[in-house]
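Top to bottom, those sequences are chains D and B. The C-terminal position of the first sequence is numbered 476 in the working numbering, with every residue numbered one higher than the one before it. The C-terminal position of the second sequence is numbered 178 in the working numbering, with every residue numbered one higher than the one before it.
Incorrect hints may appear among the rest.
Stated by the list, open to error - One side only, chain D facing chain B, incomplete, derived with CB under 10 angstroms:
id : residue
1  : L23
2  : F243
3  : L246
4  : H249
5  : R252
6  : N259
7  : E263
8  : N296
As the list claims (entries may be wrong) - In silico DSSO-like pairs for lysine-lysine, Cα to Cα no more than 27 angstroms straight-line:
id : chain 1 : residue 1 : chain 2 : residue 2
9  : B       : K125      : D       : K238
10 : B       : K172      : B       : K61
11 : B       : K165      : D       : K371
12 : B       : K165      : D       : K279
13 : B       : K172      : D       : K356
14 : B       : K61       : B       : K125
15 : D       : K279      : D       : K337
16 : D       : K149      : D       : K203
17 : D       : K240      : D       : K356
18 : D       : K99       : D       : K89
19 : B       : K61       : B       : K83
20 : D       : K156      : D       : K132
21 : B       : K125      : D       : K356
22 : B       : K83       : D       : K279
23 : D       : K238      : B       : K124
24 : B       : K124      : D       : K240
25 : B       : K165      : D       : K276
26 : D       : K89       : D       : K148
27 : D       : K337      : D       : K423
28 : D       : K132      : D       : K149
In short, the hints are calculated from the structure, not lab data. Each residue gets a CB set at the ideal place from its N, CA and C atoms; glycine is no exception.
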Amino acid sequence: MNKKAPPSLSDKIILNLKVLAEEKESVRRKLAVTAAKLVVTAEKLAATAREKESVRRKLAVTAAKLAVTAREKESVRRKLAVTAEKLRRAYETLEKKVRERTKSLEMARAKEEAILLSIGDGLLATDEKGNIIFINKTAEHLLGKKSKDVVGKNFAAVIPLEDEKGVTIPLEKHPVNMVLVAGVTTAALPAVYYKRKDKKRSPLSIMATPVILDRKVIGTIKVFRDITYEREIDKAKTEFVSLASHQLRTPLSTVNWYAEMLLAGDVGALNEKQQKYLDEVYRSNQRMVELVNALLDVASLELGTFIIDPEPTDICALSENVIDEQRPQIMTRKLQFSFSCAKNISLMQADPKLLRMVIQNILSNAVKYTAEGGTIDLTITLADKKNVLLKLSDTGYGIPKNQQNRIFTKLFRADNVRDKDTDGTGLGLYIVKSIVENSGGNVRFVSSEKGTTFYVSLPLNGMKESPTEGGIR
Amino acid sequence: MKTQKTILIIEDEKSLRGALVDILHRKGFFSLEARNGREGVDLALGNHPDLILLDLIMPEMDGNTALKKIREDAWGKEVPTIILTNLSATNELSANDAVTHYLIKSDWKLHDIVRKIEEILA
């Protein structure tokens with residue numbers, strides 16, 4: 004616009020229009036630019052939208068997954084809750100059972116302890132070192148000591164033992180020690196004394212055994228009791244036998260001796276009749292002596308007061324001797340007699356007087372109960388390395404079948420021999436069986452109407468010495 | 057027999073003592089009689105017999121006690137003694153030693169007892 008010359012109106016309009024056009028153009032350009040910018044922006048937005056969409060999708064997937072996981076979790080949680088409940092219940096049941104079981108175990112234990120405590124014999128248990136772990140009431144009473152004073156202490160210090168003469172039993176002979184150290188399965192001391200604090204001595208019978216767990220000795224059990232009463236009974240029995248033997252034999256001895264002097268003509272000759280009568284008296288008296296002797300033997304065997312005094316014994320020589328004694332009867336009855344004794348039999352450890360009684364009894368039975376002219380065979384052999392076998396066969400009357408089971412019974416005599424012979428005590432085979440079985444042997448027989456064979460088996464080292472206790476038997 | 061031997065019989069049973077005295081006299085022995093252990097010990101220690109026959113169960117003093125007392129004496133330690141009893145032997149009693157013998161009366165004939173005495177004194 005030119006200010007120096009006033010523009011015409013048209014000029015003015017044209018100018019205005021030009022200006023306007025220019026402005027328009029400017030605006031248009033600006034708009035174009037803006038449009039271009041918008042396009043870019045739109046494109047960016049589109050891209051962003053795409054990305055967002057993609058993210059959204061991913062999120063959706065994730066959300067879906069999470070939802071699944073959440074469901075799973077819920078399910079697991081429920082299951083866990085169920086399991087927890089079950090566990091809780093199980094635990095409660097267990098708790099209850101444990102309580103009950105504990106209670107019943109305690110009861111059982113208390114019962115067992117009460118049983119142990121109340122046993123009528125003294126009971127003492129030690130561990131593997133010999134330390135006392137338990138004693139019962141009877142033991143407390145017998146030893147005169149309280150459980151609390153001895154538990155944990157060594158047995159040897161608590162229970163000093165002595166023998167009959169008051170000599171202390173050495174530790175190695177103590178039954179508990181025998182079990183622990185020597186490894187014996189049972190150690191018994193039948194007669195020891197325990198001196199109590201009050202100086203009273205009690206005879207005790209002791210038995211000790213090992214306590215074995217998993218093949219290891221974990222301790223010992225000792226059972227003991229006071230045998231004062233048994234001792235007294237034993238003594239009374241022994242006195243009875245001795246008194247009986249004395250009382251019964253004294254008058255018999257008198258008759259024996261005077262009859263013997265008369266028969267020997269010491270106070271003048273007897274006439275034939277007198278001699279015969281007196282002979283009857285004498286022989287009957289002899290039978291009475293034998294009967295008394297047999298009864299005393301039986302009494303001694305039964306009362307356990309028989310003295311067994313084993314020594315090396317030649318069974319062959321001893322048998323010869325017994326046979327010689329019976330030779331007269333064998334001759335009188337015209338019996339065929341044979342005897343053989345194996346040479347390889349060593350000396351037996353046996354009491355000769357008991358062995359003699361065995362052979363004597365079975366042989367005299369054979370002689371007595373075989374008819375005139377019959378046969379008797381005695382053979383003695385080694386049955387094996389440890390045993391001797393006596394076999395005595397006769398062709399005698401035999402033992403009736405229905406009485407064979409009673410033949411070893413005291414005072415029993417079979418019917419068929421009672422008819423034939425009034426002699427005999429019915430004690431012989433009873434004595435034989437007692438001696439043989441006490442010696443660790445056995446006796447059996449086979450018998451028919453044609454004869455009898457007795458088999459006596461005896462161990463070579465058989466007879467055990469009887470305890471050397473004082474007193475008269 | 058050159059010199060008459062003296063036998064001391066210690067026995068409470070009169071009939072048995074009588075039989076022993078009779079047979080011993082018949083066989084040429086001299087006898088002393090005691091009715092119980094106490095008398096026996098006195099007679100033994102006072103008279104020193106050659107041999108003693110000794111019963112066990114007797115009143116006043118029994119045979120075992122009497123034997124113990126006799127054996128305590130210097131002379132008595134060695135005197136041959138036959139325990140002549142009707143008691144069955146026991147471990148203690150039957151232990152025969154050189155000077156003590158053990159016989160059961162009812163098992164022994166009188167004449168065998170005399171033979172035994174003669175054997176011991178021979």
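Against the structure, the hints come out as follows:
The criterion of a C-beta within 10 angstroms of any C-beta in chain B is not met by L23(D), whose closest approach is roughly 168 angstroms, and the hint is violated. A cut of 10 angstroms between beta carbons decides the hint on F243(D): the least distance to chain B is about 12 angstroms, and the hint is violated. Checking L246(D) against chain B: minimum C-beta separation of about 8 angstroms stays under 10 angstroms; hint holds. Annotation: H249(D) was flagged as interfacial toward chain B, and the flag holds, the nearest CB pair being 5 angstroms apart, inside 10 angstroms.
Using the Cβ-Cβ criterion of 10 angstroms, the hint placing R252(D) at the interface with chain B is satisfied: the shortest such distance is roughly 4 angstroms. Taken as an interface hint, N259(D) checks out: its beta carbon lies about 6 angstroms from the nearest beta carbon of chain B, inside 10 angstroms. Given the 10 angstroms rule on beta carbons, the hint for E263(D) holds: about 5 angstroms separates it from the nearest Cβ of chain B. A least Cβ separation of about 7 angstroms between N296(D) and chain B falls short of the 10 angstroms threshold, and the interface hint therefore holds.
Under the criterion of a C-alpha separation no larger than 27 angstroms, the hint pairing K125(B) with K238(D) is consistent with the structure, at around 25 angstroms. Using a Cα cut-off of 27 angstroms, the hinted pair K172(B) and K61(B) holds, with the two alpha carbons roughly 14 angstroms apart. Of the supplied pair hints, the one linking K165(B) and K371(D) holds, its CA atoms being roughly 24 angstroms apart against a limit of 27 angstroms. Between the alpha carbons of K165(B) and K279(D) the distance comes to roughly 19 angstroms, so the proposed pair stays at or under 27 angstroms and holds.
Under the criterion of a C-alpha separation no larger than 27 angstroms, the hint pairing K172(B) with K356(D) is consistent with the structure, at around 20 angstroms. Annotation: proposed proximity of K61(B) to K125(B) holds, straight-line Cα distance about 22 angstroms (limit 27 angstroms). With a CA separation close to 24 angstroms, the supplied pair K279(D) and K337(D) stays within the 27 angstroms bound. This hinted pair checks out: K149(D) and K203(D) have alpha carbons roughly 17 angstroms apart, not beyond 27 angstroms.
With a CA separation close to 22 angstroms, the supplied pair K240(D) and K356(D) stays within the 27 angstroms bound. Between K99(D) and K89(D) the alpha-carbon distance is near 15 angstroms, which keeps this suggested pair within the 27 angstroms criterion. Restraint check for K61(B) and K83(B): the C-alpha separation of about 10 angstroms stays at or below 27 angstroms, so the hint holds. Between K156(D) and K132(D) the CA atoms are separated by roughly 10 angstroms; this keeps the pair inside 27 angstroms, and the hint holds.
Distance check on the hinted pair: K125(B) and K356(D) sit about 31 angstroms apart at the alpha-carbon level, beyond 27 angstroms; violated. For the hint pairing K83(B) with K279(D), the CA-to-CA distance comes to about 26 angstroms; that is within 27 angstroms, so the pair holds. Under the criterion of a C-alpha separation no larger than 27 angstroms, the hint pairing K238(D) with K124(B) is consistent with the structure, at around 23 angstroms. Distance restraint check for K124(B) and K240(D): the Cα-Cα separation of roughly 26 angstroms lies within the 27 angstroms cut-off, and the hinted pair is therefore satisfied.
For the hint linking K165(B) to K276(D), the alpha-carbon distance of about 23 angstroms falls within 27 angstroms, and the restraint holds. A C-alpha spacing of about 56 angstroms is found between K89(D) and K148(D), which places the hinted pair above 27 angstroms, so the restraint is violated. As the CA atoms of K337(D) and K423(D) are separated by approximately 17 angstroms, the hinted pair is consistent with the 27 angstroms bound. Restraint check for K132(D) and K149(D): satisfied, since their Cα atoms lie roughly 21 angstroms apart, inside the 27 angstroms limit.
Checked against the numbered hints above, the structure violates hints 1, 2, 21, 26; every other hint is satisfied.
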